[in-house]
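In case you want the letters, here they are:
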Amino acid sequence: MRKVYLDHAGTTLLHPEVYSLMCEFMKNTFGNPSSIHSFGREAKKWVDEARQQVADLIGSKAGEIIFTSGGTEADNLAIIGVAAARHKKGNHIITSSIEHPAVLNTCKHLAKIGFEVTFLPVDRYGLVDPEELYKAIRPETILISIMHANNEIGTIEPAEEIGRIAKEHGVLFHTDAVQTAGKIPVNVNTLGVDLLTLSSHKIYGPKGVGAIYKRKGVRLQPVVHGGGQEKTLRPGTENTMGIVGFGKAAEIAARELDSEFNRTRQLRDKLIQGIKERIPDVKYNGHPELRLPHNVNFSFSYVEGESMLLSLDMKGIAASSGSACSSSTLKPSHVLTAIGLPYELIHGSLRMTLGMMNDAVDIDYVLEVLPGVVSKLRSFSPLANKLTV
Amino acid sequence: MRKVYLDHAGTTLLHPEVYSLMCEFMKNTFGNPSSIHSFGREAKKWVDEARQQVADLIGSKAGEIIFTSGGTEADNLAIIGVAAARHKKGNHIITSSIEHPAVLNTCKHLAKIGFEVTFLPVDRYGLVDPEELYKAIRPETILISIMHANNEIGTIEPAEEIGRIAKEHGVLFHTDAVQTAGKIPVNVNTLGVDLLTLSSHKIYGPKGVGAIYKRKGVRLQPVVHGGGQEKTLRPGTENTMGIVGFGKAAEIAARELDSEFNRTRQLRDKLIQGIKERIPDVKYNGHPELRLPHNVNFSFSYVEGESMLLSLDMKGIAASSGSACSSSTLKPSHVLTAIGLPYELIHGSLRMTLGMMNDAVDIDYVLEVLPGVVSKLRSFSPLANKLTV
Amino acid sequence: MYNEIVMDHFQNPRNVGEIADASGVGEIGNVVCGDILRVYIKVKDEILDDVKYMTFGCGAAVASGSMMTTLAKGKTVEEAKKLTNKDVAKALGGLPPQKLHCSNLAADALHKAIEDWMNKTGKGDKLDG
Amino acid sequence: MYNEIVMDHFQNPRNVGEIADASGVGEIGNVVCGDILRVYIKVKDEILDDVKYMTFGCGAAVASGSMMTTLAKGKTVEEAKKLTNKDVAKALGGLPPQKLHCSNLAADALHKAIEDWMNKTGKGDKLDG
Ligand SMILES: Cc1ncc(COP(=O)(O)O)c(C=O)c1O
Ligand SMILES: Cc1ncc(COP(=O)(O)O)c(C=O)c1O
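These protein sequence lines are chains G, P, E and V, in that order. Under our numbering, think of the first position of the first sequence as 4, with each following residue one higher. Under our numbering, think of the first position of the second sequence as 4, with each following residue one higher. Under our numbering, think of the first position of the third sequence as 16, with each following residue one higher. Under our numbering, think of the first position of the fourth sequence as 16, with each following residue one higher.
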């Protein structure tokens, strides 16, 4: 059976070059980069190189990159780190209602311990309104954390404008660029960010490693306490093999950004077009233009997402959904809720995210399989029959 | 040149079986364990197996293992997690003055935000006195965190006794077993611990992965906030390849515990004996019997540790030191300070930790090289000449 | 995640559809939580001569509906009343813990359909539970 | 960590030892911080005819002492007074940032030795800095 992996926004396979390098590294280099001896110094060299590679992907300096255990920890370090370092300056944080749980739940945690958090609404495409942001800023605002692009619906936020507004008010700006770095151009200076989150496993690097970009001079307090690693901002023996893999993945992503952008965008548009043509009663989610090149998100009336996922999986197609039943928390997607989708369409949502593993034949295969899956599930849906019979 | 790695307490190489398994896993399995589709389910199977392997190493149930990004994060999760969950019960924590910075600095952080922390002293061997612990417990004590064995001097603490005292007082007991699990028998029930920290890279597993054992029923709050992974206690996409490697390493460590214990202990005793015989003016640090089988720690009068490390390194020997200059924080070892060593001997300390990479020929080589290194440095030491000339 | 029995019932759900002249209809769930199960029964001589269901729901819901109808069909009304959500989950060989609540729809919907039939036919007071 | 020049001076430190009939001796550092550097000078006709040092210290301290003595030897006292810790670090091709403070011992100890000689010989007031 053909296998079609359409969950690249969830995680990616290792790029073959990353895989080779990691195996080579793991075989030969095991030192602790903090050690003085030759084994340690050798490991440090690799970590330093990876730091430069990651910095190059986002136009920063190597010294501004702090490696973490992933995007989630990087988001926490940025937000809690600023909150703890600046709480005497103010206690107000602005974020959006469509952030990844790593940002959203961190902000909710801060709200519980005394910070005030504004969760900005978004429009039906998932866009934050810079006007609203402007109005939300108070004298005690210390941080704006708004994602660069959304992981579910692929909408790209007006980060540059947000960066300008933040700067104008002397407020720090953090953006979660987990879904954009390596997919669309990301430059910390163009964006005007002070803090930016990266994750390795979304760009064909290993899982369990990420980074926070911290503009020189921005003060953070650590979330995790311990030894002196990563300038004491992220203590713990470095995940050297993860970092080495991440560095290589960043280098490759930068190198292949343009070609992959165009390639996946074409596949994306073919898939979107095909679904609209072949399946009735669908809703296209997210922005038509301000959209990640690899993101497709539709809701199919009358059917439930997990059932779709299972049916597709049996045909070798891997995708994801914002339905309550397909999430570990059993809650419907807060992103689809925020863009105003009714429950039925949230539960009936399907996200397909393209990447290195896909080609045009995959899209043809999906377009062949998906209509049958949807119509079978609709055939015994009480909603379909209430509404259409 | 012969290479002799004597820093196994710092970090270890990957066991060849771990290496092979990780490469195989990395090549074939990349799914996100939280995903419903076949790629995700396949990854989850591997993670589940690793969880069982780690549980088996310490006699716990798989459901009591929470994977983290390393020993440091596990220590933080245990201590901050309990403090946050139990702060209404009390605000007092007891630890020792020779903990790893991951525990020590976490406790200091809690002290800064309003908790009261007792740092128990140790005797000249590095032992905590259970009597003192007993006396330190107050009605508002919520947690005792005392390491199972010390990473610098190898002293094994009376954990079972501490466990009994904790239980008697209804206080939770956390132990950092990073240096003991896989080296000496560790069983969560025998020890009577509620929380126990593990790190993979000390037992021939990959860096950047660890675990906290949490006895069923013990409540923790997460330190890092985000998605639902690891029962929401440690969110973030799982470091699957790290976890898989850790699991295998745990399995191997359990299998080879007895033989490696005996093998390294013999090498250790040969090295200790040899140093005492060949080098004058040395001080043996740590306990003569209650000691990790692979730990050797000496102070050499009149010489500075980093100089020793560099000199040894040039001869292919990798070791570590508690001198200020060899640490990233430029502070002399708090452990050697706590056992009452004068500054000169702290700066002149040398730790050699044995493991899989060592055999008897290594020890002979070290015993051949080390006396020359020490006497050369002593030859131009103002301390040696002030005192002995 | 799901075992083979569940996957079989999900892939080939038994007794899906509507019964035009049903003796009773019961529906449980709502779009908010994401699972709806509607059951049609045809009662003849106090026996469930036919049972059909429609569902908007996850794999567990589809399979539970299928298994429930399979178990209920041919049973007397009294027997069918005693059919529990647990029985359904058990017959499916178990469900993942976080999915148990989805399977809880199936027997409940059946009981509602029976209740509907009883009300219509005046066969007695409201069924409890 | 250290470059080749530093490692060379660490491995083969120049001018280690004591001068029995030194014109001046200077010592900087203490065991608490972990670095001690003691400098002996032999002054002839206002020239540093010989400079030797002893050290208890890290690689940077050993190398800095070695480089400092190499630079100072043969210089006039006035020239030697102008020798800075920076000069030593520079001649070593640079030191890791966290090690700069160790190298700061070398020129300071030399200045102390010169001061000692000046005090002994009544050559003038305390040298500053
Ligand atoms: C936008 C966004 N932020 C953060 C994360 C978390 O990253 P990680 O899985 O590396 O913790 C993800 C993906 O999971 C994401 O899509
Ligand atoms: C006793 C002890 N605890 C904690 C740690 C920290 O573990 P990790 O390096 O995996 O963060 C170490 C080693 O570094 C250790 O020796």
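Worth double-checking, as some hints may not be accurate.
Said to hold, decoys possible - Below are the DSS-like pairs computed for lysine-lysine, each with C-alpha atoms no more than 27 Å apart in a straight line:
| hint | chain 1 | residue 1 | chain 2 | residue 2 |
| --- | --- | --- | --- | --- |
| 1 | V | Lys135 | V | Lys59 |
| 2 | P | Lys219 | G | Lys30 |
| 3 | E | Lys57 | E | Lys97 |
| 4 | P | Lys279 | G | Lys115 |
| 5 | E | Lys97 | P | Lys64 |
What the hints assert, rightly or not - Footprint (simulated), chain P over chain V, 3 or more residues, beta carbon under 8 Å:
| hint | stretch |
| --- | --- |
| 6 | 30–36 |
| 7 | 89–102 |
| 8 | 123–133 |
By construction, these hints were calculated from the structure, which means they are not laboratory data. Quick caveat: nothing in here was measured; it's all calculated off a predicted structure. Where a beta carbon is used, it is the ideal one built from N, C-alpha and C, also for glycine.
Do the hints match the structure? See the list:
1. V:Lys135 with V:Lys59: With a Cα-Cα distance of about 14 Å, the restraint between Lys135 (chain V) and Lys59 (chain V) holds, given a limit of 27 Å.
2. P:Lys219 with G:Lys30: Given that 27 Å is the threshold and the Cα spacing comes to 38 Å, the pair is violated.
3. E:Lys57 with E:Lys97: holds, 18 Å
4. P:Lys279 with G:Lys115: At roughly 58 Å apart (the allowed maximum being 27 Å), Lys115 (chain G) and Lys279 (chain P) break the hint.
5. E:Lys97 with P:Lys64: This hinted pair is violated, its Cα atoms lying about 37 Å apart.
6. 30–36: It holds, with 3 qualifying residues against the three required.
7. 89–102: It is violated: at least three residues are needed, and the stretch 89–102 of chain V offers just 0 whose Cβ sits closer than 8 Å to chain P.
8. 123–133: violated (count 0)
Checked against the numbered hints given earlier, this structure breaks hints 2, 4, 5, 7 and 8; the rest are met.
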